[in-house]
Amino acid sequence: MKLLKEPLWRHPEFRQGVRDMAPIAAGTAAWGLMTGVAMVKSGLSVFECVLMTVVVFAGSSQLAAVPLIVAGAPMWVILATAACVNLRFVVFSAHLRPYMMHQPLWRRMAGGYFTTDLSYVMFTARHPHPVAPDDLPTLRAREASLAGNCAVTWIAWVVPSLLGIAMANAVPLHWGLGFAGILALLGITLSLASSRLRLISAGVAGAAAVAAFALPLKLNIIVGIAAAVAVCLMLEKPGKPGASLPKTGGAA
Amino acid sequence: MMQTDAWTVVTILGLAVVTVITRSFFFLSSKPWTLPAWAQRGLHYAPIAALAAVIVPEIVMTQGALISTWKDARVFAALAGAAWFFWRRSVLGTIVAGMAVYLPLHVGLHW
Chain A
9 MKLLKEPLWR
19 HPEFRQGVRD
29 MAPIAAGTAA
39 WGLMTGVAMV
49 KSGLSVFECV
59 LMTVVVFAGS
69 SQLAAVPLIV
79 AGAPMWVILA
89 TAACVNLRFV
99 VFSAHLRPYM
109 MHQPLWRRMA
119 GGYFTTDLSY
129 VMFTARHPHP
139 VAPDDLPTLR
149 AREASLAGNC
159 AVTWIAWVVP
169 SLLGIAMANA
179 VPLHWGLGFA
189 GILALLGITL
199 SLASSRLRLI
209 SAGVAGAAAV
219 AAFALPLKLN
229 IIVGIAAAVA
239 VCLMLEKPGK
249 PGASLPKTGG
259 AA
Chain B
38 MMQTDAWTVV
48 TILGLAVVTV
58 ITRSFFFLSS
68 KPWTLPAWAQ
78 RGLHYAPIAA
88 LAAVIVPEIV
98 MTQGALISTW
108 KDARVFAALA
118 GAAWFFWRRS
128 VLGTIVAGMA
138 VYLPLHVGLH
148 W
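Residue numbers (my numbering), protein chains in the order written: chain A, 9 to 260; chain B, 38 to 148.
Among these hints, one or two may not hold up.
Unchecked claim - Pairs of lysine to aspartate or glutamate, DMTMM-like flavour, derived with a Cα cap of 25 Å:
hint, chain 1, residue 1, chain 2, residue 2
1, A, K49, B, D42
2, A, K49, B, E95
3, B, K68, A, D142
4, B, K68, A, E21
5, B, K108, B, E95
Unchecked claim - The following residues of chain B were derived to be distant from chain A, with all beta-carbon distances above 12 Å:
hint, residue
6, Y82
7, T106
8, K108
Simulated from the structure, these hints should not be mistaken for laboratory data. Each residue gets a CB set at the ideal place from its N, CA and C atoms; glycine is no exception.
Work out the full structure, taking the sequences as your base and the hints as a guide.
In structure tokens, the structure reads:
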């Protein structure tokens, strides 16, 4: 049983995951702080804000759901909105599946739950190559690495969010501290831009997301991903599958 | 201070379920299954595409329209952050350099 093994956080790969993630924790923290402030200012009670921070753990779907909750929208509309905002995670889960399937269901669900955008991006940049399904020590090392990424993100998100809720009236929203979160994402994006096709992917996705911005429920993000992946697959050299696979962007 | 109501609490718990299901969508079934090869190759371009699709509108759009002025703190902050990244390859430096440009322009000059 897993429980008899050394805990994940003692695995050396856990520390590597923490080190990979630490440089962007400041951006996550600023973003979490502003999300906490924004939730209180939108009119949720402090208990509701705290509950949301601790259990929902998804900034963009929280920020999309809060105005709907305050406006008294039907529950199914709120949940459907959050699901659409989260559609990108469904794509990510297809990518992460080979790293998860050796675990029991509840651990797979826990692993998915804690894996945010940044953890997914950092993990797949650090480990671009798949692991054989029977190579359990390596799979265990990957688990530890992802857990290290997620631990940093969880702390860097939840603690500042709670601070933001507590100090909502002391931090003016108009300072725009949340932009630090965008800058963190920008840094990661640039660190992933390790091949010509990936640069093209970023350009196409950004342009498509702007062009499709009028779509509801942040579906422009899905349009951006789909357009970029389609264009890059068409631009790959035909007849040489994998020839243009980029090397890892490496960690920040 | 706002009142907590049960309906909102149930909605929040529902949102947590949405987080779990979307993030572990393709792990839920343990039937043997692999992605087709083209989709596996496509996934090499998905992470950067997702990030670009999130951040580009946040930098160049205001209230659903492309910005029409160069007096926007976000553009200068993003350029400063990117310049720092290409100089030092540091994500933390990107955040710090970007905010060092953003805060004076945004809070000071209201750009």
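request  = Kindly indicate which numbered hints from before are broken by the structure, ordering the numbers from low to high.
outcome  = When the structure is compared with the hints, numbers 4 and 6 turn out to be violated.
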